[in-house]
Every structure is written in C-alpha cells, then in structure tokens.
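S.K.: Chain order of the listed sequences is B and W.
Going by this note's numbering, the first sequence opens with residue 3, and the numbers climb by one from there.
Going by this note's numbering, the second sequence opens with residue 11, and the numbers climb by one from there.
FYI, nobody ran anything at the bench for these hints, they're computed from the structure.
One thing to keep in mind: the hints can contain errors.
These stretches of chain W come out as covered by chain B in the derived footprint (C-beta under 8 Å, 3 or more residues) [what the hints assert, rightly or not]:
1. 42-53
2. 71-84
3. 110-119
4. 164-174
Glycine included, every Cβ here is placed at the ideal spot set by N, Cα and C.
In case you want the letters, here they are:
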Amino acid sequence: MAAASTENAVRSSNAARVFVYLFLLLFALFYLLPFLIMLLNSLKPLEEITGGGMIALPRQWTIEPWLSAWSTAQIGVQPTGLRPYFMNSIMMAVPAVVMSTVVGALNGYVLTKWRFRGDTLIFGLLLFSCFIPFQIVLIPMARILGILQIAGTTPGLILVHFVYGIGFTTLYFRNYYAAFPTELVRAAQIDGAGFFQIFWRIMLPSSGPIIAVSFIWQFTNIWNDFLFGASFASGDAAPMTVALNNLVNSSTGVREYNVHFAGAIMAAAPTLLVYIVAGRYFVRGLMAGSVKG
Amino acid sequence: MAATDGFAGSGADFRTRLQNWLPKIVLAPSFAIMVIFVYGFIAFTIYLSFTDSRMLPSFGWVGWDNYDRLFRIREWNVAIKNLAIFASLYIVISTIIGLLLAIFLDQKIRGEGVLRPIFLYPMALSFIVTGTAWKWFLDPGIGIENTMHLWGFENFSFDWIKDREMAIYTVVIAAVWQSSGFVMAMFLAGLRGIDNEILKAAQMDGASNFQLYRRIILPQLRPAFLSAFVILSHLAIKSYDLVIALTGGGPGNATALPATFMYSYTFTRNQMGIGASSAVIMLMTIAAIMIPYLYAELKEKK
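With these hints in hand, go ahead and build the complete structure from the sequences.
M.R.: So, in structure tokens, the structure goes:
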C-alpha cells in the first residue's frame, strides 16, 4: 500500500490509513444494510419479523411473500398483486424514454451545429424547465389530460413524461455534441450532405455513449416517478411506485412487512439492474444533470 | 450559418432554403411544447393563484387573498419550518459525508471499484422504495428499537418517527442515505480533476496534508460545492415522494412539506387557489437558486 501511495501527492501514516479504511467500510455497511435487511425479511414468514427482530437471518426461508407481492396482494381494492402495475410502468417508461431521447438528440444537434440567433435563450428556457417544481404544472396538466381524454391512462403518463423529459435529454445531447468537431459537419455540408444526412451518417454513429446515458437516466427518472403517477393515473393505470405505496399504506388487515419488502425490491429491481449493468453511464448522466457537461 | 449561398440557381433555391430552415423546423415542436407545457402552465397556475378556484379552476379575481390566507394557515407554516430544518440538515450532512467519502476514496484505496458503486446505488432507487424500507426500520414496533430490545438493551428507545417533534429528522436520515453517495461522486470527479503537480510542489515547500486540503484542494472544489448545493436544495424543495412513503406527512401534519401541502390543498381539500399560490411560492424559491446558477453556467460556456 505504501508503494501504491507514492503516486499520490498526499501521503498518510499507517494509522491514518487504517482509519480511512474503517470509515469507508462503515459507510459501505450503512448503504448496504437497508437493502440486505429488506432482502432477508422478504424471505421470512411474518411471525419471524414481528416476533424475532429484523436483523436475524430467516430460520425458515420462504418465497411466499414474493409470490404474494407479485400476484395476490391487495392493492387498493383488488387482490391483483403488483404484476399489472409493473407492466403499467414498463408500458409507460419505454415509449417515453425512446421519444424523449430521439427529440433530445435532434435538439442537441441543432443547438450545437446549426446555431442561430437566440438559440442560447431557447436552451436556457429548456434547461430551466428541468428544474421547475412539478407542482407548478399539476393543475393545468390535469385539465389538459382531461380535455385530451387521456386522464388516468398510461398514454397520458407517457405524454407527461415525454414533455418534461425533453429538457434533460436536450441537455445531455447538447453538451455531448458541443465537443464534437464542427469542421466535420461543415466538410460534409460542402460535399452536399443535408441536415438529416449529416445527423444520420456523422453524428449518430458516434453518439452511442450519450444515447446510453439518456436511456438510462430517463428510464430511472420515469420509472421512479411518483408525483405524476399519483396525480394522473390512480386506479388500474397506476405505475409501480404508486401501487407499492398503496400496498404499504393500505390499512386493512395485518401489516405484512415481508410482502412490503418483497414489493419494494420488485419496484427497485429494474433501475437497480440498469445501474449494475451500466453504472458508468448512470454516473455520467448524474454529472450531466448537474449541468457541467 | 449556411445562409450565404442564397444566390444559387432557382432549382437549388428551394432545397437550399429548406435546408436553412430545417434546423428551426426540427426545434420548433420542442419549443412549442416548452412554451405551452412549461411556461404556459406556469402562467396559468400563477393566474389561478389570484382566483377563487376551489375544486375546479374558476376565474373570479381575488387579488392577493390566497397568499394572505396561505401564510395564515398553520399547516403551511409548519411545512415551511419543516422545509427549513430538512433542507439545511440534508444539504449540510450530505455534503460533509459526500466530501469525506470522496477524499478518503481518493487515497489510492484498494477496492475503490467495489466501494464506489455501493455508496452510489441508493440514488438509483425510487424515493418510495427508500421510504418504505426506512418506514419499517424506524418503526419502534418492529424495527431498530425492537431489535435492540430483543438483544437485551431494554431501555433503548428510538421512536422519532412517531414523535411529532422528531419525525422530520427521520426524513433527513432517509434522504441522506439516498443522496450522499451522489454528492460523493460529484466531489470525487472534482478531486480527480486537480493537477497532482501543484500538490507535489506545495508538498516540497513543506505543506502538511491538512494545509494541502485546506489551502489548495478545497478551494479548487468550489464548483463541486456549488453544484452540490444547487442540486441538493432543488431536490429538497421538490421533496414529496419520500415524505409520503415514510411518514405520509404525519404524525398529524408534523412532517408536512410545501410539496405535500400543495397536493393536499389542491386535490383533496379542494382549495385550488391556495394550492396554486403554494406552488408559486415553491417555484419562486427554486428559481431564486437555479436562475443565477444556470445563467452563470451558460455564460461561462460561451
């Protein structure tokens, strides 16, 4: 370890290094424990939680809570389990992610390679729209969805997530394309390539990483959304987060903590999976979200 | 930009002009959507906040009445106070933890590749998941308190979540758990961007580690501090899901925040005018933080 630290300008004593490792491990535990406890308790019979404490390993392992959370638990009035709501979330997230990414890519392309007077202002307005508290649009949005007759439906939620996703996707692509050599675009233009040809042949082939960032980040945001889901799609069209909250807070009968935990892990699984598979892009999206490209 | 070749023959003329207009045509739908769904909606909500809307929007002008009444509603004042407590603790604690984790991780740590994703994964979860998990951990009946009792610490007591005075701090705990890893990632990126040569030079001049951090490294992290502050405060003001899942705003309305207040007054209590005015206050608060920041960022980039 001492050999490795010669690279770094900041050197530290052995005692200090022990402290550093302890500190880091303690926090690793702090972040990991809640998830482990959820997992363990989702595999226990209910009496073991109420009678035996949360930290203990299950004495009797069971997948009953998972089956219940997935297909028979009471959500609202119906004993449907979380499955239909999981599907709702997928049907909602996939189109909204694709649509907002396509539009964001085109916007980013225009805002960096076809600049015109006032484009910075337009970008500024789009950028600010990423950060508004959505409470400010809830009332008119409810009206518009009503007028379009898609209130309380998945298409309605797709529209909402598409609309409020454009700001972020534009931000990602703009920052990415800003670093792309404009000379290449100009050269292609002189060779007679048109607007879409340049986008298709030159920009898109090198956009892999940022498309991944946009997909992942939009998917995470949309999957995890609760406010829009709760406001515009209660009942059968509710997304997973809303259904989970209903499951946990429905006050009828015994509180089945193990089922709640199983449901929570199900709601977390898709975004967690994305994070595990493509964590690198996740972090990049996070950074781009803090505006610094 | 390409507007100079307008003198081409008339056959190519249409094509050229189309090419010149295409970028704007492509951007136009997004622009329209933004003007309607963002700025138009904001204007509409601001307008409603000056009307006597109750269950449905109505257009009887009442001037500043709603704002007047808003600040005399006890629950709103509780929400504001809670937001002040929550936001300041959330920002300060997340920043301290994030900074320490980043500095420590930057010491050529073995297994950094394992630790970093562990610190950051809660950010991928929904606040509803985080809230559900912590709701039961903090529940005195089955969570930490119960476990400690079973382990023989009979006098251990941790029932903040049921305590009107302390419940807001449980929201802080869960929120810090969720986002401190994100702050770590921001600081780590900042630390990795610092030129090692400068540090080596300072060390040759006899600077201690502490001095190195205080005088050279921390000042260079200023942009990261600023970004962390802006992002965290914006998250704090928007906080809604976490409170709903963790405490439901309770006990009573002890953990109400402006976002939960807005929702309940608008959609369950049918006081849309009041709800709209609270949303406007939220927007103004965020705008006061975001607009100067975004303006500076955009100007810097030019």
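S.K.: Hint by hint, which ones does the structure fall short of?
M.R.: Numbers 2 and 4, in rising order.
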